[in-house]
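Visitor: Dock chain to chain to rebuild the complex, using the hints, since each chain is given by itself in its own frame.
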Amino acid sequence: MLTYTIRRFVLAIPTLLFISLVIFLLLELAPGDPMAQVPLTVPPEVKEKMRLALGLGDPTHIRFGKWMWQFFVVEPMTFIDWLFGTAWAEGQQRVLSWQFRSPVMDVIVQRMPQTLWVVAMSYVVGILIALPIGIYSAYRQYSVFDQTGTFVTMVGYSVPPFFSGVLVIVIFSVQLGWLPSIYDTTLVVVDWATFKQQLMQMVMPVMVLALQTTAQISRFMRASMLDNLNQDYVRTARAKGLSEWSVVMVHVLRNSMIPVITVIALGVPSIFGGAIITEQIFKVNGLGQLLITAIEANDLPMVQTVTFMIAVLIVFFNIVADVLYGVFDPRIRYD
Amino acid sequence: MTETPKPIAALADTGPTAPPRSQWRDVWDQFRSHRGALIGSVVLILIIAAVFLGPLVWPYDATFIDIRARNQGPSWAHPFGTDQLGRDTLARMMAGGQTSIAVGLTAMLLALVLGSLVGVLAGFFRRLDGPLMRLTDLFLSLPLLPLLLVMVLLFRESLNGVFGPETGIFILIVVAIGVTSWMPTARIVRGDVLALKEREFILAARSIGTTNFGLITRHILPNVMSPIMVSATLGIANAIITESALSFLGLGFPPDFPTWGRLLNDAVQYLQDYPERVFWPGLGISLTVLSINYMGDGLRDALDPRIRGR
Chain A
1 MLTYTIRRFV LAIPTLLFIS LVIFLLLELA PGDPMAQVPL TVPPEVKEKM
51 RLALGLGDPT HIRFGKWMWQ FFVVEPMTFI DWLFGTAWAE GQQRVLSWQF
101 RSPVMDVIVQ RMPQTLWVVA MSYVVGILIA LPIGIYSAYR QYSVFDQTGT
151 FVTMVGYSVP PFFSGVLVIV IFSVQLGWLP SIYDTTLVVV DWATFKQQLM
201 QMVMPVMVLA LQTTAQISRF MRASMLDNLN QDYVRTARAK GLSEWSVVMV
251 HVLRNSMIPV ITVIALGVPS IFGGAIITEQ IFKVNGLGQL LITAIEANDL
301 PMVQTVTFMI AVLIVFFNIV ADVLYGVFDP RIRYD
Chain B
1 MTETPKPIAA LADTGPTAPP RSQWRDVWDQ FRSHRGALIG SVVLILIIAA
51 VFLGPLVWPY DATFIDIRAR NQGPSWAHPF GTDQLGRDTL ARMMAGGQTS
101 IAVGLTAMLL ALVLGSLVGV LAGFFRRLDG PLMRLTDLFL SLPLLPLLLV
151 MVLLFRESLN GVFGPETGIF ILIVVAIGVT SWMPTARIVR GDVLALKERE
201 FILAARSIGT TNFGLITRHI LPNVMSPIMV SATLGIANAI ITESALSFLG
251 LGFPPDFPTW GRLLNDAVQY LQDYPERVFW PGLGISLTVL SINYMGDGLR
301 DALDPRIRGR
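Protein sequence lines, in the order shown, are assigned to chains A and B.
Numbered by our numbering, the letters in the first sequence go through residues 1 to 335 in order.
Numbered by our numbering, the letters in the second sequence go through residues 1 to 310 in order.
So here's chain B without its partners, still in its complex pose (with noise of 0.2 Å):
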């Protein structure tokens, strides 16, 4: 009987020396490690919370008018001043940031539903690619500006009537940006759906008896996730643009519902008397856009296995 060979020191298996780090641990290092983004979410954490919290210690009233106070330059009372009507703008820029924001976010979350949806449709039933992907070219060829300003003033009226002037504006807002916004989420899911599809773990799953609505829910849709997030990042700026300029072309919110478009639209009516009316508004939008386009970039990357762990 011969002794049985010895293990090879260097083949010998040995316990983990790092404890195990789960995938969006990774990703978060990723995206600390980008400073413009890391720099962009925390102005736009501070904007968020600068708008939603600020009403609650600001003791004016964005809608409470002063008469006495009016046109106004920055004031301990007043730090942005008061406009034509003594309305205190920084409680005007909190409401409008409010509304800005929630704007952006619900449109986003419309058009990346919408998006999503199309996009898992075309990839994964062949017979439904043809047509949602025409559907999709045709949307993008429509000239979606004017088309957007045509339907808020055909619906602005008829809205009002059953919800109310500032619900049913809301609704019709959200409503126009989202639907003319979901196109290129759809095109970008449907490809990732396509490359997935023809994957090995799809047709295990497939084997043993996954119906197709499992098949999407549980290993479609979390695959696609990462595109699905970098596009709602911008989907957010973009909504938020779309909407200030529809306000600012003065067929957006009514004049006593302030946003930051709206505002800006207010604005510009003094320029040649108080031009630095002109600056919140304008910089409360940049600045937002701005940190969510870094913030996007940034999660671009650290999502993308490829570029994660360079």
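Isolated chain A (complex conformation) (with noise of 0.2 Å):
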């Protein structure tokens, strides 16, 4: 197991080269000028020192390898300098963005934590709805529970981000009037009131995301548990006198979670993606609306950066989720 486990690691780093490359070539060929901005009175070869400061001078694969370094090598210095007051990466460039003149790392971490509140605690609430309707669906097939259940969640799989989340804005925003539309990403939870609002700006956004997961899990999670439930150690269980709940939330639903644990640590990084829309609706100034500006505005080393991170959330969580599996799994062997 632990072989595998390196074994995969290993075989990420070509990968994750790879996509780095691509992200890099498909930027390349952006058309736009990050000097678009600046005015026309400017004469052209102050532009063209200007595009040199920026790193814009050396051919493409000097670039990369820069980019590569940067990443790689000075930014982890940087955070060990940082963490333990050493002066590591004392005097390297740093990856720089082009629109905010500061090192690109500096402002991911002052949006990561709206974003992880926002995307982590939906993904948590959604998992804790999802698991007991898909239990209780499985259990009471056909039932009608288990008709309204699946109903609900094939809605709440087919209903876009963009429609459900600007649906409960018109509903709970504009009408009622209850919750706050725009996520106010200055309050500092002080004392009891401030903590109030944090909760009721959380609430639509989480609402909106949770639905997705709540929507996709539990369908997993039904279809596992009745895979399960009409398997014969279940009729073992039953015929040895256990009672109804340690067969099913004991025997039942412990074989049924395996596939459903795989699921979860896949969704993971797509939940980031999904982040992308739902901050945009809510004006969460987080990653995915860091990502949208930094495209809009031309600024390669921050789109660069953001999609690679993304990228390796991917093929980070791809790996857990096969490890995961075989270390539930006693009948997967990866050796």
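Each hint should be verified, as a subset may be incorrect.
Said to hold, decoys possible - Covered, in the sense of this in silico footprint (three residues per stretch, anywhere, with C-beta under 8 Å from a C-beta of chain A), are these stretches of chain B:
(1) 142 to 155
(2) 244 to 258
(3) 285 to 295
None of these hints come from the bench; they were simulated from the model.
Owing to the predicted nature of the structure, the values given are computational and were not obtained by experimental measurement.
Each residue gets a CB set at the ideal place from its N, CA and C atoms; glycine is no exception.
Guide: The structure is reproduced here in structure tokens:
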């Protein structure tokens, strides 16, 4: 198992290098000019110097090499410096954002908490709602609860977040006026009132993102429970005289969780992708919104770094899902 | 000479009692018994008919600006109201639906062709299996939505110059969605082809000298049709949602060229004053995707011979 995990991580390195190259080359084709915002009165030779200052003078492969060096060596060193107060990265060039004129990583670190709060919270809430629905739907298959549950999850699966988000804004902010429609990131939780405010502004984004998670995971949970409920070992467990609770919640549930855990692990990175839209709707200034503004402002180092970080997340959670599957299911042998 | 034994009555051949049934008849019967799938296909057909035939009978044009009739609520003249420039929302919904559904269908076809090609090649030729599946894994680990956004932003200008603003963005979006959504189809098709390749009828066909091309087109492809059809239905839904998401983020079709996502984006800007405007385009997207998903569910059951006939 350990050798398998190590092998997967080693194999992930060329994949990630290739992905970073693909992203870099795609951005290389960008027709947009980072100097487009500079006033026309600035003479061309000054513009040329500004371009050189941004590091645009070198050929493509040199710039790709530089980006890799900055991302994989300088940025971790800066992190270590910050952590332990050392000075390894002193005087080294970091990945600079063209629109903020400051290191990309600093901006990402500023935006990270908002995204993590909303995204992680909604994922947890979605899973917590999805699992009981899936379990009970499968246990009482074709009952009224199952029929409504299946229908609601199908609707949740089909309604895109940019409609459900706008719909909850119309209902809860415009019509009822209960919840704020814009996420205030400057809010600092110091006492009970601000905590309540923070909670109120998180309700809607979390609800919208959680609807998607719930719909997908409860469908998987139901299917997986149904596969197991008719197995022989369930009959044996009942014949032994075990209580219905321990048959369903211990024997069947533990076996049904195996595929569901992998689905949960695989869904983590895609939730970050979905957050791009949700953040746009609720005006959360998180990573997704950062990416959109960077794309619109032609801020290539920022786009490159954020996209690559999402790719790292996807590759990482793919490995996590496969390893978890092997850990939880003794029938799976990778070696 | 002994007398010939009488044939046992129970073993005698009687003529068939029921007329022969084709496979597609069975599939249709199973599909019909799935209530959600049936309702879904009826709703979908109604939506498509309304969107494509509606403009023939509806007097207003989607781009006709009547500035004196702007921001109206629903009335007999404009059942869905008008927008901030006095354009009829019903006409814009129909025009937008045409684009959305057309994008969904074409992008799905592209993804399907790519996915089936990669899947069949990887499953059929052992030498190609490794590289093609690594390529599929690679595409699966790309961050798709950010890349789509980047692609649209990068190539919009140049394609607009070559094909004109509307055809250019249509081609761009269809190609972008197509090349980023073929991977699931390829994986499913490869798995099925791998299993089919070992069957006796393939061996028999090969023994009479069928070429590889003939084997694939005559014997392999018809047998992997059912997973391809199921992923086709789900592919349309996926493509419609992706296109709407791009348009919603303002990186899709130009403003005077309505799609459902674009209409939703326009409506969001007037959310405070006219919240009812977001309803119709959102409903259009959701209802189409919902009915397609139900159809896909029913189709999966109907095309699976283990479930059919139970």
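Visitor: Taking beta carbons only, do three or more residues of the region 142 to 155 of chain B come closer than 8 Å to chain A?
Guide: Coverage by chain A holds here, the residue count being 12 at a Cβ distance below 8 Å.
Visitor: Under a C-beta cut-off of less than 8 Å, do 3 or more residues of the region 285 to 295 of chain B approach chain A closely enough to confirm the stated coverage?
Guide: holds (count 6)
Visitor: Would you say the region 244 to 258 of chain B counts as covered by chain A, given the rule of at least 3 residues with C-beta under 8 Å?
Guide: Coverage by chain A holds here, the residue count being 5 at a Cβ distance below 8 Å.
Every hint from the earlier list agrees with this structure, and none is contradicted.
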